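Enquirer: Protein chains in written order, with the numbering used here: chain S, 1 to 549; chain Z, 1 to 549.
In short, the hints are calculated from the structure, not lab data. All values derive from a computational prediction rather than experimental measurement. Among the hints, erroneous ones may be present.
Copies of one chain are not kept apart here, so a pair can be met inside one copy or by any two copies together.
[Claimed, not checked] Using 30 angstroms as the maximum straight-line C-alpha spacing, the simulated BS3-like pairs for lysine-lysine come out as follows:
| # | residue 1 | residue 2 |
| --- | --- | --- |
| 1 | 125 | 479 |
| 2 | 539 | 249 |
| 3 | 352 | 538 |
| 4 | 389 | 431 |
| 5 | 521 | 539 |
| 6 | 121 | 538 |
| 7 | 539 | 352 |
| 8 | 132 | 189 |
| 9 | 125 | 107 |
Number of protein chains: 2
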Amino acid sequence: MATSRDDELVLLPLGGAGEIGMNFNAYGFGPEGERKWIVVDCGVLFGREETTPGVDVMMPDISYLAERREDVLAIVATHAHEDHIGAIHYLWPTLRCPVYATPFTAKLIEGKLEEAGLRDKVRVKVVPLHGKLTLGPFEIEFVSITHSIPEPNALAIRTPLGVVVHTGDWKIDPEPLVGEATDTNALRKLGDDGVLALVCDSTNALVAGESGSESTVRKALADLIGTLKGRVAVTAFASNIARLDSVAKAARAHGRQIALVGRAMKRLVEAARATGYLADFPAVLDEEEAADLPPHRVLYLCTGSQGESRAALTRIANGEHRNISLGPGDTVIFSSRIIPGNELQIFALHNKLAGLGVEVLSAEDHFVHVSGHPARDELAQMYRWIRPKIAVPVHGELRHMSAHARLARSLQVPQAVTIENGHMLRLAPGKAQVIDETPSGRVHLDGQVLVSEGAGLSRARRSLAYAGMIAITLVLDAKGRVAADPAFVMEGIPEPVHAAVRDAVELTIRKHKHGDEDALKETVRRVARGAAENAWGKKPVTRVELVWV
Amino acid sequence: MATSRDDELVLLPLGGAGEIGMNFNAYGFGPEGERKWIVVDCGVLFGREETTPGVDVMMPDISYLAERREDVLAIVATHAHEDHIGAIHYLWPTLRCPVYATPFTAKLIEGKLEEAGLRDKVRVKVVPLHGKLTLGPFEIEFVSITHSIPEPNALAIRTPLGVVVHTGDWKIDPEPLVGEATDTNALRKLGDDGVLALVCDSTNALVAGESGSESTVRKALADLIGTLKGRVAVTAFASNIARLDSVAKAARAHGRQIALVGRAMKRLVEAARATGYLADFPAVLDEEEAADLPPHRVLYLCTGSQGESRAALTRIANGEHRNISLGPGDTVIFSSRIIPGNELQIFALHNKLAGLGVEVLSAEDHFVHVSGHPARDELAQMYRWIRPKIAVPVHGELRHMSAHARLARSLQVPQAVTIENGHMLRLAPGKAQVIDETPSGRVHLDGQVLVSEGAGLSRARRSLAYAGMIAITLVLDAKGRVAADPAFVMEGIPEPVHAAVRDAVELTIRKHKHGDEDALKETVRRVARGAAENAWGKKPVTRVELVWV
């Protein structure tokens, strides 16, 4: 392909550079104003009650690309985790471009599009493993790697100005159990041929050593489950198909039949089977059949490893599950990590289970999980294979990306650059450099409405959570005189404070004759807040409305 | 002392049996209705934005003892951590009994009483180390143990019906560095003489092995600090006086002078010195002096290891500290553990520091901390010393207490009992047994007001955080006809939802002629909520008020 002297190759992360989640990386090629773009991954970040109450998921603000929609050639998904594909059905209507993914990933994307009523509109193009595709100036090669889900891919993105290797999420697992091992030959060859930039997973850049293989967990789970007597429930990420298979094999080895419990568990097993995985997965009982088995003959494979309030395991622990109950002599194994921030809800679930007499075994005290992300020795191995001129840590918080950049420098990568969402990094020509800062930020799925983080709704509701709300309505006549008793609504405020607020406001109103209504409104607001602060030590959100009769 | 055949020895935990924090254990002796009580520890639990927004601390509901205040002989504090003494100044006015503690603990209790304006009312009686005291039917011996603060004590509580050993918080640290080592002779002798019940710390009952000694951290910190070039800040729990001393010695060994940053840091060092500890602690610079030193000559010892928003380290990371700023080449060491639930705010602090170019070192990837609580091998050692008839795990969530009870049974303790707050456990005579369930629960310090958890304020504010609030005021005339436009206050609700709510309510009002006002109120409430749910997918807290003109 012909190049012009104004051509530039740029990376614009709109998500994931600063958080683990919400991955969204745009690569642009061409002269400014005429660039063609591809998007690698389009994921969500989950909301949290303490920081974004009432928000289920968040996704990147892609307004910069929305304005250039005609030049966005495709969304390419590296793998099927929610933080890589979970925003496609929300953001596709803005970009309206084809979506490329390998079979298992494509299957799951299609399921989401189906639910969103977009199945007929979106072209999801299936790329075979090791496949290649050309999108304008970009030639993309899918390189099989290993992670904690079937079909993870690194992307080798060839452009006239050099090759970028975008790792997606990965680890080096010599025995991933499901799917292919890391295509080390391809990675080595990329390095030998020369790579401009490695854009790489930072999740475990603070973790020494190696992540360890799924095969070691398989053995450990088999041993552990062999020692257990009563009912056994195992909870794991439903997308970790190798783990589900390990649990199923351990069950079979010890004479237990399995039941899948929870919607995601069934959906993921089905997607895996439909795309050729889990060929020798044992027959699965339904919950009612399983309930009829003796305790030592059953194993439940459940959703809910993060203590999610509506997941199967939480319902079981609450005694609210229709078909399953656990008690003394039974065991629950959490074959998963704790996603930071989920500690309290996970431990609350452990406590509920302990309260039922159930023994809880987890990665905190048993070897029942390995991470899907590269620890420092694996990162070092990747840098030895690829030997890039530029290291760009992504998929991490600042602390992970900084540690990753330090590691890359220590491995003699000539340039390691940490950037934030919205930073447009020119990778070529010349030294890597931030050349622009585009609009960026988060969009919240608040209920069923997409709301910009900048609108401040979450912040407003956190204020309500902190100190509650006072709403006062004053009724005025045509002359601006108070014509009725004020109406008070106080919510989330201790009872004794109510009287203090009422008294202070009523006193203020009594002094008001007529005239400046805006001043009255503001005075009442100030007086109400002040009275609350005096009585309580906190200032509620306070709103005053006027109505006229 | 003479005993009657109706005498019973009971344990009534009102806090700590089900949570790590808010420790409050009452021991009662005598026939029902005539029992005398002592309270061991009286601590707080810290509030959390996601579960108890706007609540600083929580403490036990002690209404059961309040009704028997005349029979409460004393509060005895085992050591000075907030979860053991932090509620004394809130609950003393209810109990009005003397408080007993060893010198360092007494010093800190007095400081709190001073701030609460109770210094003159409360008798804090200083008990020497290894001291004994008699309180009605209880003879109490203080047994020196080790923990992560000076002067931790186990209590041997002798009664006519047997001896209870109440461990408080402990570990087995052969070199605690500050204060005495574990009085193993006394513990052994107690075991040899015969112990009825061991009431014991469960915090680390899920952790294998041993906690490790402060002395190993001292060496590691000295080595680590020796490798650092720029400014160094270390954050640790201010009450871990041995740790502060280790940091100070490491600083001195590497030519750095120290400054104490944060109010708690200064307060704790002062209390330690006033009670004879830290005799060779180096001279401390004030922040201004420290700012004039070259970076490699200074070490800041800071509060804020949990990412507390108002603590020194957070202010430094925000660039809001008057005298201290950190940047590239500087290092912050978190010589502390992450208290579960604090992950996100601690990592947010790490990220801010990483954003300044500061390197962050923490217990996640460096050996800079040991726990103050007994891991399983230490628990086993304690059971070998004490050999109780009854094990009562306390100071833990259910998951810890259950694991602790299983461990005790595996060590052939004849009876291990897990109880909840409010369960009155008869320890003697006869088999240990829950004989009563008293009122229990939590009291929230909400602003400056104490509010029962049962009042539901936190829950109400969480609802506001989830879906915001609608307050509607309707103005009616004497005939019950709507006499003005309704007033709407909507807070925390997306803008497009507002119009939907207004339209639906106005339509409803237009249809209303006169008459049943309660029905109108309820209809408007239902219509507003329904409209919000339709437009948004969430149902705000909705309140409707009527006023009459």
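Enquirer: If a hint holds in the structure, say so; if it does not, say that too.
Expert: Results of checking the hints against the structure:
In this assembly of identical chains, the alpha carbons of residue 125 and residue 479 never lie at most 30 angstroms apart, being 69 angstroms within a copy and 68 angstroms across copies at closest. Proximity of residue 539 to residue 249 under the C-alpha cut-off of 30 angstroms is found in neither arrangement, the shortest distances being 58 angstroms within a copy and 45 angstroms between copies. For the identical chains of this complex, residue 352 and residue 538 are inter-copy neighbours only, at 28 angstroms across copies versus 34 angstroms inside a copy, given an alpha-carbon limit of 30 angstroms. Proximity of residue 389 to residue 431 under the C-alpha cut-off of 30 angstroms is restricted to the intra-copy arrangement: shortest distance 9 angstroms within a copy versus 73 angstroms between copies.
In this homomeric assembly, residue 521 and residue 539 come within 30 angstroms of each other (Cα to Cα) both inside a single copy, at 17 angstroms, and across copies, at 28 angstroms. For the identical chains of this complex, residue 121 and residue 538 are inter-copy neighbours only, at 28 angstroms across copies versus 52 angstroms inside a copy, given an alpha-carbon limit of 30 angstroms. Taking identical chains as interchangeable, the C-alpha atoms of residue 539 and residue 352 lie at most 30 angstroms apart only when they sit on different chains, with a minimum of 28 angstroms there against 36 angstroms within one chain. In this homomeric assembly, residue 132 and residue 189 come within 30 angstroms of each other (Cα to Cα) only inside a single copy, at 16 angstroms, whereas the closest approach across copies is 76 angstroms.
When the C-alpha separation of residue 125 and residue 107 is checked against a cutoff of 30 angstroms, the pair qualifies only within one copy, where the shortest distance is 10 angstroms, while the shortest distance between copies is 72 angstroms.
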